[in-house]
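Q: Top to bottom, those sequences are chains A and B. Under our numbering, the first residue of the first sequence is numbered 261, with each subsequent residue one higher. Under our numbering, the first residue of the second sequence is numbered 4, with each subsequent residue one higher.
No lab work stands behind these hints, which were simulated from the structure alone. A virtual CB, placed ideally from N, CA and C, is assigned to each residue, including glycine. Hints are supplied without guarantee of correctness; some may be wrong.
[Stated by the list, open to error] Pairwise CB distance ranges, derived in the manner of DEER restraints: (1) ARG556/A with ALA177/B: 47 to 53 Å; (2) ALA177/B with ARG441/A: 49 to 55 Å; (3) LEU149/B with GLY325/A: 43 to 49 Å; (4) GLU252/B with SER483/A: 46 to 52 Å; (5) ALA393/A with TRP204/B: 51 to 57 Å; (6) GLU376/A with PRO139/B: 30 to 36 Å; (7) GLN505/A with LYS259/B: 48 to 54 Å; (8) VAL133/B with MET334/A: 23 to 29 Å; (9) GLY300/A with LEU34/B: 47 to 53 Å.
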Amino acid sequence: MTPAVEIVDVARRFGAIQALDGVDLTVEPGEFFGLLGPNGAGKTTLISVLAGLARADRGTARVLGHDVVTDYRMARRLLGVVPQELVFDPFFTVRETLRIQAGYFGIRANDAWIDEILHHLDLTARADANMRALSGGMKRRVLVGQALVHKPPVIVLDEPTAGVDVELRQSLWAFIRKLNRDGHTIILTTHYLEEAEALCGRIAMLKAGRLVALDTTQNLLSSFAGLTVRLTVDALPEAWLDRVQRQEANTYVLTLADYAELERLLAALRERGTVIEELSLQEADLEQVFLRIMKRAA
Amino acid sequence: MNIVPASGSGWLTLFYKELLRFWKVSFQTILAPMLTSLLYLLIFSHVLESHVSVFDGRVRYTAFLVPGLVMMSVLQNAFANSSSSVIQSKITGNLIFVLLTPLSPLDIFGAYVLGAMVRGLVVGAGVFVVTLWFVPLSLEHPFWVLAFATLGSAILGILGLVAGIVANKFDQLAAFQNFLIMPLTFLSGVFYSIHTLPPIWQSLSHFNPFFYMIDGFRYGFFGLSDVEPWISFSVVATCCAALALLTLEMLKRGYKLRP
Numbered sequence: 261m262t263p264a265v266e267i268v269d270v271a272r273r274f275g276a277i278q279a280l281d282g283v284d285l286t287v288e289p290g291e292f293f294g295l296l297g298p299n300g301a302g303k304t305t306l307i308s309v310l311a312g313l314a315r316a317d318r319g320t321a322r323v324l325g326h327d328v329v330t331d332y333r334m335a336r337r338l339l340g341v342v343p344q345e346l347v348f349d350p351f352f353t354v355r356e357t358l359r360i361q362a363g364y365f366g367i368r369a370n371d372a373w374i375d376e377i378l379h380h381l382d383l384t385a386r387a388d389a390n391m392r393a394l395s396g397g398m399k400r401r402v403l404v405g406q407a408l409v410h411k412p413p414v415i416v417l418d419e420p421t422a423g424v425d426v427e428l429r430q431s432l433w434a435f436i437r438k439l440n441r442d443g444h445t446i447i448l449t450t451h452y453l454e455e456a457e458a459l460c461g462r463i464a465m466l467k468a469g470r471l472v473a474l475d476t477t478q479n480l481l482s483s484f485a486g487l488t489v490r491l492t493v494d495a496l497p498e499a500w501l502d503r504v505q506r507q508e509a510n511t512y513v514l515t516l517a518d519y520a521e522l523e524r525l526l527a528a529l530r531e532r533g534t535v536i537e538e539l540s541l542q543e544a545d546l547e548q549v550f551l552r553i554m555k556r557a558a
Numbered sequence: 004m005n006i007v008p009a010s011g012s013g014w015l016t017l018f019y020k021e022l023l024r025f026w027k028v029s030f031q032t033i034l035a036p037m038l039t040s041l042l043y044l045l046i047f048s049h050v051l052e053s054h055v056s057v058f059d060g061r062v063r064y065t066a067f068l069v070p071g072l073v074m075m076s077v078l079q080n081a082f083a084n085s086s087s088s089v090i091q092s093k094i095t096g097n098l099i100f101v102l103l104t105p106l107s108p109l110d111i112f113g114a115y116v117l118g119a120m121v122r123g124l125v126v127g128a129g130v131f132v133v134t135l136w137f138v139p140l141s142l143e144h145p146f147w148v149l150a151f152a153t154l155g156s157a158i159l160g161i162l163g164l165v166a167g168i169v170a171n172k173f174d175q176l177a178a179f180q181n182f183l184i185m186p187l188t189f190l191s192g193v194f195y196s197i198h199t200l201p202p203i204w205q206s207l208s209h210f211n212p213f214f215y216m217i218d219g220f221r222y223g224f225f226g227l228s229d230v231e232p233w234i235s236f237s238v239v240a241t242c243c244a245a246l247a248l249l250t251l252e253m254l255k256r257g258y259k260l261r262p
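Assemble the whole structure, with the sequences as input and the hints as a guide.
A: Next up, the structure:
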């Protein structure tokens, strides 16, 4: 099957900064794919290369088999991009903005789809409002609408929920999930890692223009499986001190492999007659995985 | 003007958007430049009518002035339309909505330049109609009037597109306008016949392509000109083709648009 997105050895330098350094990545059709990384990791540059907004120094990028340089017309028809910056054209209303965007793709008379987009993005009541009159969150939703207006099979969302309140974020994700269920491939960059963990089947992590992790979300979480234990005691048995990540007075934060190891720790404490003043557990989440991978890649 | 055309390819929508953009602020983009030209006509004709003789006295100065003002309006507004549209879109970031689409360099070029031409020609036609109240004019050769208005607006529309792409800030665009477009326009014979100039300035005027646009355009009204209309047409058409090729190459390379 032709990959939804195929990026091969893509590199791009801006002056002294190597924004992308030989990135290889394949996203399969129908995936909900996360592209994560700290600021300046190269996520937006990679999306720009894919969308034809920037040119790669070397390497190739394809959307459903269509090269983004040599076959850019088809590649761009197949791709919808929600840009990170909150940009809008102040001359037009919401509906005009969506109609014009559809028109750029040669699509006319698609008001039924535009109405559906407006409904799902909770913008129906503001359809005839000028873009200037919208709040930041509403403008962000219009950006999402513009990316969807030509019904692209591959949708790239670059920080789509920045500045969007919780309730509307939920409805936006419900809509994006529906699109994914309907067969659209979704590529998401976000700094809300809990969103990526909940939504993405596979995740790639970039750092300094290099791919430092690429796996299913489950495998990434499993590979860093373990418990983080926060324990307040008079003293910790010496044998366990090498597991301590952090210590504040009598409070120790330890990383344990699993619950069996936790049981051994508790047994050791009972054996010494140590009284536990406070105990809390935390399972590994994507944020911890992300931080560890970024630390490891430093 | 609130319905996107029902058929055609993507460039038609971009063209339509360019029209809608200036139409929505028509007071500023159409009426204001018409008023400015009218003021030029009233002041210059009042002050100079009895002092300046053009074409050996065969044409009244006020009548001579009108085609120059019409053409100046066409040129300045064509430039203003494409340049302001591109620079605003670049600075506010909404140019991305065009760049993300399958529109080709030729599509983008055609839409911006045609949009600029329409605004230039609408303002020019408005100035012409308004000035008819003040001085009756004949159209000796309508073909030449249309040809030079069309080519002139196209050239300035292209220059506006180039300026919008090259400029990073509004003041850079203003420099382009104030130090290139305005001097070339004002020194092109809008307000005078170059035969009234000293020989050195007459010679220098022949290196100004704007002079040929206005001289040829004026020929269409009076059948009189400083240079043969075919020569003017050749110069203007060559400039237009050269600028079009240069600009298309810029767009194709993504110069300053797709870094």
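Q: Each hint should be assessed against the structure and marked as holding or not.
A: Hint-by-hint comparison with the structure:
Restraint check, ARG556/A to ALA177/B: a C-beta distance of roughly 52 Å satisfies the suggested window 47 to 53 Å. At roughly 52 Å, the beta carbons of ALA177/B and ARG441/A sit within the given window of 49 to 55 Å. For LEU149/B paired with GLY325/A, a C-beta distance near 48 Å keeps the hint of 43 to 49 Å intact. A hinted range of 46 to 52 Å for the beta carbons of GLU252/B and SER483/A is consistent with their spacing of about 50 Å.
Range check, ALA393/A to TRP204/B: about 53 Å between beta-carbon atoms, so the 51 to 57 Å window is met. Against the hinted window of 30 to 36 Å, the Cβ-Cβ separation of GLU376/A and PRO139/B comes to about 59 Å, which falls outside the hint. The hint said 48 to 54 Å for the Cβ distance between GLN505/A and LYS259/B, and at roughly 49 Å that hint holds. In this structure the supplied range 23 to 29 Å is violated for VAL133/B paired with MET334/A, their Cβ-Cβ distance being about 49 Å.
Hint check: GLY300/A to LEU34/B, Cβ distance near 48 Å, so the stated range 47 to 53 Å holds.
Of the numbered hints listed earlier, those contradicted by the structure are 6, 8.
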